[in-house]
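Going line by line, the protein sequences match chains A and B. One gets my numbering by counting positions in the first sequence from 1 and adding 469 to each. One gets my numbering by counting positions in the second sequence from 1 and adding 619 to each.
Honestly, I wouldn't trust all of these hints.
No farther apart than 20 Å at their CA atoms in a straight line, the calculated lysine to any residue pairs in the SDA-like style are these [stated by the list, open to error]:
(1) B/Lys670 to B/Ile754
(2) B/Lys622 to A/Ala483
(3) B/Lys622 to A/Gln626
(4) B/Lys622 to A/Ala499
(5) B/Lys622 to A/His500
(6) B/Lys670 to B/Cys777
(7) B/Lys670 to B/Ala637
On the chain A side, residues computed to face chain B include the following (Cβ under 8 Å) [unchecked claim]:
(8) Gln482
(9) Gly523
(10) Val545
(11) Ser609
Okay, the calculated bits of chain B under chain A, using three or more residues with CB under 8 Å as the criterion [said to hold, decoys possible]:
(12) 622 to 631
(13) 648 to 655
(14) 720 to 732
FYI, nobody ran anything at the bench for these hints, they're computed from the structure. Every residue gets a Cβ at the ideal spot worked out from N, C-alpha and C, and that includes glycine.
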Amino acid sequence: MTTHDHLVDDTLQAVTLTVNGSERTVAVPAHRTLLDGLRDEVGLPGTKSCCAEGECGACTVLLDGKAVNSCLVLCVEAEGHEVTTVEGLSADGLTDLQEEFLNAGAVQCGFCIPGQVVSAEYLLRTNPDPDEAQIREALSGNLCRCAGYQRIVRAVQATAARRRGGDG
Amino acid sequence: MPKYYRPTTRADALAALAEGGERARPLVGGTDLLVGLRHHTLEPDLLVDLKAVNDLPDPVVVTDEGVQIGATWTLGELVAHPVVQQWYPALVEAALTVGSVAIRNRASLVANSCNASPAADTAPPLLVHDARVTIASLDGDRTASLDEFFLGPRRTLCGPGELVTRIDLPRPAPGSGSAFRRLTRRRGVDLATVSVAAGVARDGGLVLGMGAVGPRPLRTEVPGPVDLADEAALGEALDRLVSAATPISDVRGSREYRLATLRVLTSRAVLAAAARRNPREMAS
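If we strip away everything but chain A, and leave its shape as in the complex, we get (with noise of 0.2 Å):
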């Protein structure tokens, strides 16, 4: 079921795909970005709605394990796919990366947050050890209008020692 089933014509296509972990169907119009499917139909509002043209990076999500721009993907494309939003990096609490993203007080107004944090994840599945210029191009795409950059990349950091079993 969706929150727009009275809404329901023609124009809409039912598309299953599956969102952290769980499989879900939504009727959406073809125009209907991912970003909006998963903030409207799936009722996942911590994807966040920004620039919608690619730019800003606060809509990242994985879809099928990797970074996407969720404003710049058709919900009808995500048919058949895997999609982990910020929501379902964690089961259940924060993972260490939201932790030390806390600890270094990398979060001001917190609105680029979701998609720093998808975006880090990203970084350190794809390259458990990156340098500081690594980190900093992995999150070029992401903006931050605080420009809390430095204590970002500080979390990214702290994050790798800690998975590597260092003193973080």
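With the hints as your guide, set chain B onto chain A.
Frame of chain A; chain B shown alone:
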């Protein structure tokens, strides 16, 4: 509002594109297309998603003669490919400047070429590496050089009912090298103010691809031999290479600024490409 169609065969995709004509658009990464939809600069009736088509050319095929790149290969996959890194370093450098990690995880090299932005980062190195495109339709396949393929801003040889299925890159000649240089206001998620890719042959012959300095990406060359150690000869060759540029003034830079920086970037790209040539291959 467009309809969305996800065919599983090439024949179905081509039939849908033929039927839709100018009102149909192929969709791969969508990183430009969705921005166009949002701003209503593109208003197609039909989107034909190619990602589930199972009989298009493979994403990447490496042979002794070169590399064949299919329509669905992403820039993220390209920059991580060891043979592409070795043979086409300018292309990898250029692809790494496109958008961001998340953009590159979706964006397709072939579709980026079909979009035909005059500022496309991947166009200059593809021109330097003598890329050829294969254009398919219900009538069959035809091929063209990428230089012929670019007609103007966002205009290519690929017409209604047609689809670019492949870009072929010949293997670079022994003893040659390539490099890419770009000027932007911000390192990530920005379009080029000026971009260049240079190829240098064993005998000093030069080929240049230029972006954002004309109505379409430009390719020029100065045949060898050129003595790159001779400052006057090199300077003259660089002047000839950049003479085709006709930049405009816009928000990213004035015409004068673009012309001045183009010459500097070209010099840097040529010297970087020359330094990448394998001394053993040059001697043989």
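Now the hints, each set against the structure:
{"no.": "1", "hint": "B/Lys670 to B/Ile754", "in the structure": "17 Å, holds"}
{"no.": "2", "hint": "B/Lys622 to A/Ala483", "in the structure": "13 Å, holds"}
{"no.": "3", "hint": "B/Lys622 to A/Gln626", "in the structure": "45 Å, violated"}
{"no.": "4", "hint": "B/Lys622 to A/Ala499", "in the structure": "6 Å, holds"}
{"no.": "5", "hint": "B/Lys622 to A/His500", "in the structure": "8 Å, holds"}
{"no.": "6", "hint": "B/Lys670 to B/Cys777", "in the structure": "19 Å, holds"}
{"no.": "7", "hint": "B/Lys670 to B/Ala637", "in the structure": "18 Å, holds"}
{"no.": "8", "hint": "Gln482", "in the structure": "7 Å, holds"}
{"no.": "9", "hint": "Gly523", "in the structure": "6 Å, holds"}
{"no.": "10", "hint": "Val545", "in the structure": "5 Å, holds"}
{"no.": "11", "hint": "Ser609", "in the structure": "3 Å, holds"}
{"no.": "12", "hint": "622 to 631", "in the structure": "holds (count 3)"}
{"no.": "13", "hint": "648 to 655", "in the structure": "holds (count 5)"}
{"no.": "14", "hint": "720 to 732", "in the structure": "holds (count 5)"}
Checked against the numbered hints above, the structure breaks only hint 3 and satisfies the rest.
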